[in-house]
Amino acid sequence: MKYRTLVIVGVLVAFLLPVSLLGSSATHQPYEPQEREYRIAHESTDAYGTTPDAYEGMSTNPDTATSVDELSPEAQQMFHDLLKQPRGASERRPSGWQTQTIQVCADYMLVCDTYAEAPEFPGSPEHISHETVRVSTLEYNGEYYTAQQTKFYSSAMGLAFGAALTLLVFTIYSLLLLWMTYTRSESHPRAVLSFTALGLVLILWPYISMLLNFEFTPFLIGVPGVILATVFLVFTYVKSRFGD
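Under full-length UniProt numbering, the sequence shown has 86 at position 86, and the numbering climbs by one with no breaks.
I should point out that these hints are in silico values taken from the structure, not numbers from a laboratory. Keep in mind that the hints are not guaranteed to be accurate.
Distance condition first, Cα-Cα at most 20 angstroms in a straight line; then the derived EDC-like pairs of lysine to aspartate or glutamate [to be verified]: (1) Lys151 x Asp46; (2) Lys151 x Asp69; (3) Lys239 x Glu117; (4) Lys151 x Glu35; (5) Lys239 x Glu186; (6) Lys151 x Glu117; (7) Lys151 x Glu43; (8) Lys84 x Glu120; (9) Lys151 x Asp107; (10) Lys84 x Glu32.
Could you put together the complete structure from these sequences and hints?
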C-alpha cells in the first residue's frame with residue numbers, strides 16, 4: 001500500500017473508532033442488552049392458566065383470548081417458534097410450558113440474524129424486581145394457550161461502566177493509531193497496516209461477533225491492541241533514538 005493511501009486509511013479508521021460508539025449500544029454489541037423469555041402452555045397441560053406467585057391476578061381468562069392471527073408478525077413468528085419447542089417441567093413450574101429465550105438486534109444494525117423487533121404478546125406489563133412480565137391467553141385453531149413474556153433488565157450501573165471502559169479503550173487506541181500513522185507509516189508500513197486492520201475490526205465488531213457468534217465485548221480485543229500499539233511505538237522510538 002502506498003504511503004499516502006496508508007496515511008489516509010489510518011487517519012480515517014482512527015477517526016471512526018470513537019465515532020462508531022455514538023450510534024451503537026453501550027458495549028458495542030449487536031443485540032439489545034435485555035434478554036427476553038417467552039413461553040406458552042396448551043390448554044391440555046397442567047401449566048395452562050397458571051402464573052408464578054408474584055404475578056397472581058394477571059388475566060388468563062379464555063374469554064379475553066387474543067387470536068394469534070391478530071398479533072404482530074414478530075409475535076406470530078414467536079408463537080410458531082414456541083410451538084416447535086418441547087414441553088418441559090421444573091420444580092418451580094408445572095409441566096407443559098414450551099419456552100424460548102431470544103435476543104433482539106439493536107436498532108442500529110443493518111443486518112440481523114434474529115428478531116429485528118421484540119415480539120409483543122398481549123397483556124398489561126407488570127414491573128417486578130429486574131423484570132417486566134406480560135401474561136395473556138392466545139387462541140390458535142380453536143385451541144387456547146396461556147402465554148407469558150418476560151423481559152430481564154441488565155444493571156444500569158454495569159452497562160454504564162462497560163460503556164465507559166469501551167469508550168476509553170477505543171479513544172486511546174484511536175490516538176495511538178493516529179500517532180502511529182503519522183510517524184511510522186513510512187518506516188513500518190506493514191505494522192501500521194496491521195494496527196489499522198485491528199481498528200477496523202473494532203469498528204465492525206457488532207457484525208463480526210454476530211457472524212462468528214462471539215459473545216465477548218470488543219473491550220477484550222481493544223485492551224491487548226492498546227498494549228501492543230504502545231509497545232510498538234516505544235520500541236521503535238527507542239530503536240531510532242539510540243540506533244543499532
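Worksheet item: Checked against the structure, which of the hints given earlier come out wrong?
Response: Per hint list: 1, 2, 3, 7, 10 violated.
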